[in-house]
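K.L.:
Going down the list, the protein sequences come from chains A and B. The opening residue of the first sequence carries number 1 in the numbering used here; numbering runs sequentially from there. The opening residue of the second sequence carries number 1 in the numbering used here; numbering runs sequentially from there.
Please note that a few of the clues may not be correct.
What the hints assert, rightly or not - Distance condition first, Cα-Cα at most 20 Å in a straight line; then the derived EDC-like pairs of lysine to aspartate or glutamate: (1) B:K75 <-> A:D16; (2) A:K45 <-> B:E254; (3) B:K272 <-> B:E153; (4) B:K75 <-> A:E248; (5) A:K92 <-> A:E248; (6) A:K45 <-> B:E81; (7) B:K266 <-> B:D177; (8) B:K75 <-> A:E252; (9) A:K45 <-> B:E255; (10) A:K95 <-> B:E129; (11) A:K92 <-> A:D16; (12) B:K75 <-> A:E60; (13) A:K2 <-> A:E248; (14) A:K45 <-> B:E72; (15) A:K95 <-> A:D119; (16) A:K95 <-> A:E198; (17) A:K92 <-> B:E129; (18) B:K75 <-> B:D101; (19) A:K45 <-> B:E135; (20) A:K45 <-> B:E153; (21) A:K95 <-> A:E248.
Rather than coming from a laboratory, the hints here were simulated on the basis of the structure. Predicted model, so just to flag it, every value in this text is computed and none were measured.
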Amino acid sequence: MKALVIVGHGSHLNEDSSLPVYEHAARIRERFGDEYEEVVECFWKEEPSMRHVLDTVESEDVSVVPAFISEGYFTQQVIPRELGLAGPVTRKDGKTIRYAGPLGTYQGMADVILERAEDLLGDKEVPPGRRALVLLGHGTDLNKSSGGVIYLNAGRIRERGLYDLVEVGFLDQDPQIGAVVENLEAENVVLIPVFIAEGWHTRETIPEDLGLTGEVTRRGSKTIFYGAPVGTHPSMAPLIAARAREAERETEIAQSPR
Amino acid sequence: MPKAPARPSGTPNVAAASREAFAAWVDEDPDGRVFGQILIRSASPAGYYLCHEDDARVASLELYDDPRAAREIAKLTGAGEYRPLKSSPNLRRGWELRVEDARGLAAAMDYLYPAGVVHWYLYREGRLEITDYRENAARQSGIYKRIQRLSDEGVQNAARACCEDAVCLKKTLWNVDAGTPLEMDRGNGEIPCPEPCSVFVSFARRVRLFEREKRRDLDDAGLSPSEREDLAALVEAAAGGAGGIKLAREAEFEEPLNERRLRYRKLTLLPKLRPEESPKE
Ligand code: SF4
C-alpha cells in the first residue's frame with residue numbers, strides 16, 4: 001500500500017491555511033486513489049500533528065509532500081524534525097518514508113501560475129495594450145530561497161513568451177510590490193500571489209497597500225487584475241501527486257545497485 | 001538535516017490494528033460508546049451511527065453518510081467559531097453520521113479526534129510513548145524556543161489552564177519531566193494526550209512572556225502590566241452589560257479575554273487579589 005502525506009502549516013485562528021491542503025487531498029483521493037490508497041493531511045499548527053500522523057498511516061510506502069512554496073525553515077528544520085525524518089528516505093517502524101521537496105521549485109509550478117492567470121482573465125474584458133504578469137512573493141531577508149523560487153518561476157514563464165513582461169515583486173524584500181506595479185510599463189497588469197493559501201496578506205494587506213478594489217482595479221491608464229493565490233488552484237493537486245512520484249523515482253535511482 | 005529525535009513508535013499496521021480494536025470496543029457495548037463528545041453505536045446488520053452525545057435522543061438530526069463529512073462537522077462550533085483544538089468540548093450538535101464499516105468509522109474519527117483512535121489503542125496496549133514537556137520544549141525552535149525557559153510552576157499552571165476537561169477532553173498523560181508529575185486533574189475521557197500539542201506550546205509561550213514581565217515590572221500592588229491590562233479589559237467588557245463580554249477566539253492568547261488566559265489568571269492573579277482566600281500551601 002502507498003500513502004501520500006501532505007504537510008500544511010495550519011493555523012490556530014482560521015481555516016484559511018488548512019483548507020487548500022484538505023481540498024487537494026480530496027482531489028488526489030478522487031483522481032489518484034488507485035495509486036495512493038491513503039491520502040492523509042497533517043499540520044504544524046493543527047491536528048493531526050506531524051508528530052503523530054505516521055501512526056495513523058497503514059501503508060508501508062509513504063511519500064511526504066510539504067505544501068510549502070519554498071525551501072526554508074519549515075521544509076528543512078521543522079518538518080523533518082517533527083516527522084522524525086533522517087533525509088530523503090527514512091526507514092522506521094516498518095515504513096519507508098520519502099520526503100519530497102517543496103512545491104514552488106517543481107517544473108509544473110509555472111503551469112499552475114499561468115493557469116491561475118488565465119482563469120483570472122478568462123471571463124473579463126481585457127483592454128488593449130501590453131500585458132504584464134507579476135509574481136508576488138512573500139520574501140524575507142532571512143531566507144534567500146524564498147525569493148529565489150519567485151525568480152525561478154518568472155524566468156520559466158518568461159521563456160514561453162506569453163506575456164509582454166514578466167516581473168517579480170515582494171512584500172518583505174526588494175523589489176517591493178507597490179513600486180513594481182507602479183513603474184510597470186504595461187496597460188494590463190496581472191498580479192498573482194505565489195502563496196500557498198489565502199490569508200491576512202492576500203485578503204487585506206496586499207489589496208490595501210496596492211489600493212486594489214477587487215479582482216479588477218482601473219487606475220489611470222492601467223488595469224490591474226488581482227488573482228487568488230496559486231496554492232489554492234485545483235491544479236495544485238496533480239502537482240502534489242507529481243512531486244510525490246518524483247521523490248519516489250529519485251530515491252529509487254539513488255538506491256538502485258550500481 | 002537535524003537528527004531525528006525518538007518519537008512515538010508504531011509497528012507496521014498499528015493503524016489497521018487500532019481500527020479493528022476500536023470497532024470491536026464499540027460493538028461490545030449494546031448502548032454504544034462515548035469517545036470525546038461522540039456517541040458511537042453499532043448499527044445492524046453492519047456499520048455505525050455517530051452523533052453528539054447530547055443528541056442521543058434527538059430525532060431530527062441532519063444526516064450524513066460520508067465519513068469525510070466529519071471534517072466539516074468538526075470544523076466550527078455551534079456558534080460558528082473555528083475549532084483549532086478538536087478535543088475542546090465544543091463540538092457542535094445536530095448531526096448524525098452513518099458509516100458502513102470499521103474503516104469508515106476510523107476515517108470519521110480521524111477527523112473528529114485526529115490520531116485519537118490510534119492513541120487510544122496504543123495506550124490500552126501499554127505502547128503509547130509519552131513525551132514530557134521538557135523533552136518537547138527542547139525540540140522547539142524559532143519563536144517557540146523560549147518555552148524552554150518556562151518555570152516548572154509555569155508549566156503546571158499552563159497545564160491546569162489549558163488542559164483540564166473544562167477546555168480539553170483529552171487525558172493529559174505527559175508530565176513536566178520524568179521526575180515532576182503534573183499536579184492537575186488529568187481528565188476522565190477516553191482520548192489520551194501523549195505530548196503537549198501545538199495549542200499548548202503556543203499558550204506556554206504566552207505564559208513564559210507573563211513570567212518574564214513579572215520579575216521586572218510589578219507595580220506597588222504587585223500586579224504586572226499584562227495583569228492590569230486584562231483586568232481593565234474585563235471591567236470594560238463587563239460594564240457593557242449582558243452580552244458585553246465576548247471571549248476572544250480559542251487560541252488567541254494575545255487577547256485579554258481569552259478563556260485559557262483567564263483561567264491562568266484565576267490561578268495566578270486571583271490569589272494576589274484575594275490573599276485571604278487562597279489556600280495555604
Ligand atoms: S496538550 Fe493539553 S490542550 Fe493540548 S491536547 Fe493535550 S491535554 Fe489537550
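K.L.:
Compare the structure with each hint and give your call.
P.N.:
Results of checking the hints against the structure:
Straight-line distance between C-alpha atoms of K75 of chain B and D16 of chain A comes to about 12 Å, which keeps the hinted pair within the 20 Å bound. A hinted pair counts as satisfied when its Cα atoms are at most 20 Å apart, and K45 of chain A with E254 of chain B qualifies at roughly 16 Å. At roughly 16 Å between alpha-carbon atoms, K272 of chain B and E153 of chain B fall within 20 Å of each other, so this suggested pair holds. Pair hint K75 of chain B plus E248 of chain A does not hold up; C-alpha atoms about 33 Å apart against a cutoff of 20 Å.
Between K92 of chain A and E248 of chain A the alpha-carbon distance is near 17 Å, which keeps this suggested pair within the 20 Å criterion. The suggested pairing of K45 of chain A with E81 of chain B holds, with an alpha-carbon distance near 17 Å, which does not exceed 20 Å. Distance hint between K266 of chain B and D177 of chain B is unfulfilled; the C-alpha atoms sit about 25 Å from each other, more than 20 Å. The straight-line distance between the Cα atoms of K75 of chain B and E252 of chain A is roughly 39 Å, outside the 20 Å bound, and the hint therefore fails.
Proximity of K45 of chain A to E255 of chain B is assessed by CA-CA distance (about 19 Å); at most 20 Å being required, the pair is judged to hold. With a C-alpha separation of about 18 Å, the suggested pair K95 of chain A and E129 of chain B falls inside the 20 Å cut-off, and the hint holds. Between K92 of chain A and D16 of chain A the CA atoms are separated by roughly 33 Å; this puts the pair beyond 20 Å, and the hint is violated. A threshold of 20 Å between alpha carbons decides the hint, and for K75 of chain B with E60 of chain A the separation of about 30 Å lies outside it, so the pair is violated.
About 11 Å separates the Cα atoms of K2 of chain A and E248 of chain A, which keeps this hinted pair within 20 Å; it holds. Our distance criterion of 20 Å between C-alpha atoms is met by K45 of chain A and E72 of chain B, whose separation comes to about 18 Å. Distance restraint check for K95 of chain A and D119 of chain A: the Cα-Cα separation of roughly 40 Å exceeds the 20 Å cut-off, and the hinted pair is therefore not satisfied. Straight-line distance between C-alpha atoms of K95 of chain A and E198 of chain A comes to about 34 Å, which puts the hinted pair past the 20 Å bound.
With a C-alpha separation of about 15 Å, the suggested pairing of K92 of chain A with E129 of chain B holds against the 20 Å cut-off. The suggested pairing of K75 of chain B with D101 of chain B is violated, with an alpha-carbon distance near 23 Å, which exceeds 20 Å. Straight-line distance between C-alpha atoms of K45 of chain A and E135 of chain B comes to about 18 Å, which keeps the hinted pair within the 20 Å bound. Proximity of K45 of chain A to E153 of chain B is assessed by CA-CA distance (about 25 Å); at most 20 Å being required, the pair is judged violated.
Among the hinted pairs, K95 of chain A with E248 of chain A is consistent with the structure: their alpha-carbon atoms are about 14 Å apart, no more than 20 Å.
Against the hints set out earlier in the document, violations occur for numbers 4, 7, 8, 11, 12, 15, 16, 18 and 20.
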